[in-house]
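Sequence lines, in order, name chains A and B. If you read the first sequence in the working numbering, its first letter stands for residue 1, the second for the next number, and so on. If you read the second sequence in the working numbering, its first letter stands for residue 1001, the second for the next number, and so on.
Hints are computed from structural coordinates only; laboratory data are not their basis. Hints may be right or wrong, so weigh each one.
As the list claims (entries may be wrong) - Chain A side only, calculated, beta carbon under 7 angstroms to chain B, not exhaustive: (1) P361; (2) A391; (3) P414.
As the list claims (entries may be wrong) - Calculated pairs, DSS-like style, for lysine-lysine (alpha carbon to alpha carbon, straight line, at most 30 angstroms): (4) K157/A / K1033/B; (5) K1128/B / K326/A; (6) K1245/B / K326/A.
Computed from a predicted model, the values in this text were never measured in an experiment. Think of the CB as a built atom: it goes at the ideal place given N, C-alpha and C, for glycine as much as any other residue.
Letter by letter, the chains look like this.
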Amino acid sequence: MKKMKFLLALWIGKALMLFCNLFAKGRGTNMPGANSNRIMPDFIGQFTGIDTDKVVFITGTNGKSTANNMVVHALKNAGKTVCSNLEGANMIGGIATALIRNSTLFGKVKTEYFSFEIDERSLEHIYKHIPASKICITNLQKDQVQRNGEPDYIVQKFRKVFNPNVTLFLNDGEPRAKSFEDLTEKVVYYGVSKTKYSFVKDKFYDVTMPCPKCNDKIVFDYYNVDNVGKFHCSGCGFSSEDKVDFYAENVEFSDHSSFDCNGFRFTVTNNEPFYIFNYALCIAVCNSFGISNKELQKGFLNFKNIGGRMETLKYKTKTLKYIRIKQENPETLQTALDYIAKDPNEKILMMGLEELKDFEPYYTNTFYAFDVDFESLKNYNIKKYICFSEAVAYDTANRMIYAGINPDDIAVLPNDSDEAILSELDKTDIDNVYLITWLKKYNELEKSTQQYNKGEN
Amino acid sequence: MNKTLNITWLYPDLLNLHGDRGNIMAFERIGKKMGLDVNVNRVDTFSQPIDFENSDIIFMNAGELKSVKSVVENIKKYGNAIYDFIESGKPVIAIGTTGAVMIDKTIRSDGSVIEGLGVIHAEATERKAIYGDDLHFCLNEDKDFELMAVQIHLIDFTLKDKKDALGTLIYGKGNNDNDMTEGGKYKNAIFTNALGPVFVKNPWYTEKIINEALKAKGETPAEPVEESFYSLERNSFKAIHSFIKQKTE
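I would like the entire structure built from these sequences, with the hints used as guidance.
Written as structure tokens, this is what we have:
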């Protein structure tokens, strides 16, 4: 009876997948599996042919999509077959959809390896049905507070999942991720040594975080990216390891960055500091699956991340460089500002930290902007700031004023119509424009600028 | 010679959840605008002493619920110092979940109990689901004095006596789902669910608290800040008020 129910759910999932492929492209990454799960709540646990020793879950606040894309790419490049949710559908519906896509009509999965990006809140539920032998935690940061409240909310959820049977791949430079080391003896640490982009925070208002073990202050000797670096606790002595299992060292940044890891010099195509963490994790996971460094190197040279965070728009003579950030996520906002810092040319910064409208109640949170270093913006050759949004443009502008930015350089647009935004842009003769806003607003602006450009031609 | 305002910022790294360092920046900015010399003294670790004697305001920002126990234990190491400070009328402010430091006790979802300082008589219970929303309320001591903020609600507060509330809800959740109360107050010891940072978004309230601190140390109120200095915040208030109105219509 259970088998029949599973087959019914599977076939409905496959039919929905076919429907999506034909008529609703874009909905096929989650919807078929979500419906199958609705029919049978333990649906994903019924597939056959899954060797849990060859299953890796990648979770954490930031970097899990990139790391998963990298692992899947590296495995495939080494000739392995992989089932994955590359499209970012990282809850149970997305996992189920990936399994439906890669299985026979009788529910036998056809791939040898499984690499899934997992939403932090969904890990417990998914692990119950597929007990992966390897779980990677990239980092646990402040994120989506309307759902997650505080990082410890996720920490407590994770602690229910991890057990001595799991091999944990932990970011050695991120205290919350590293704190799970107590839950199993099978721990693999990965990290990045000090690089030319490493920094310290020593200004009066700089703050760190509480120790996940004793609640006293965590001190960072240096940071490689925000909230990740070499650390120790001022209370209990909890700290980064002296010897990290997979440690990217001697990092040289260029169009083809390179680094050493366990005696092998890797050359890679991404040159942002946070990518190097993902490469180190990818090497750790793939080595554990028996993939050689030589094979990995080949894959790294043709790796292209899916759904990157940077897009470019043309509008009249201007180039708008869009940097995508995750909503209510200070680290991605900080990374966006750090990216702008690397461009020495004069520029305009358009910032649309809009209202949060993912689910009800919609609300006007902007407090995460006070977790971010806006003070350095003064040094980035920004000639004008445009703050736009219906309800929070004033709060965004106020964050800039608190950072010491000249109020005369800030335009406040309490409106997020494309027409108003573009017409504000018309008032300046600087063509180098950076745009930070939600993806939805970017998509709207993309359409508006395309329409304008068509009209011009 | 300018009057001086000494702010003790307790555990900035441990109570660092919702960008609330902005609250301290607001006190520094508004205090200076009021013509005061503002000194902010960070107490970073539990081993660093708290100088109650030379503090005019003690500030605790929002932190993770797990930090509450350690914070309470460390403040209690100083015996009656915190209670004497509060009895003297000096402000002690706890933001967000750190409000649990000020109340009698908090019951966590696993059944464990965190004892608070018992300054404001209330109990809290950890919620199953987190709730985030805008928060608009007026002060109980002055119904025309309105504050705009947001709130991320992890624990429901229940005051023993509703008269101890800091304010009354106009929109949002406040302390709980039931009684329209927001925050709690005893003399100038305050806890509030208001985030934003609340003292950035409502500088008129920052000014009011600073004057309370001056009063408690026997000084006259500072010169009021010109209303035009708050134009961004007033505009923000109006814009968010309209946004809330759209939600409720």
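Given the hinted pair K1128/B and K326/A, is their Cα-Cα distance within 30 angstroms?
Given pair K1128/B, K326/A holds - Cα atoms ~25 angstroms apart, limit 30 angstroms.
Does the structure keep K1245/B and K326/A at a Cα separation of 30 angstroms or less?
holds, 27 angstroms
Satisfaction of hint between K1033/B and K157/A, Cα-Cα up to 30 angstroms:
violated, 46 angstroms
Does the interface hint hold: is P414/A within less than 7 angstroms of chain B, judged Cβ to Cβ?
holds, 6 angstroms
Using Cβ atoms only, decide whether P361/A comes closer than 7 angstroms to chain B, and label the hint accordingly.
holds, 5 angstroms
Can the hint on A391/A be confirmed by a CB-to-CB distance to chain B that is less than 7 angstroms?
holds, 4 angstroms
Hint compliance for this structure: hint 4 alone is broken.
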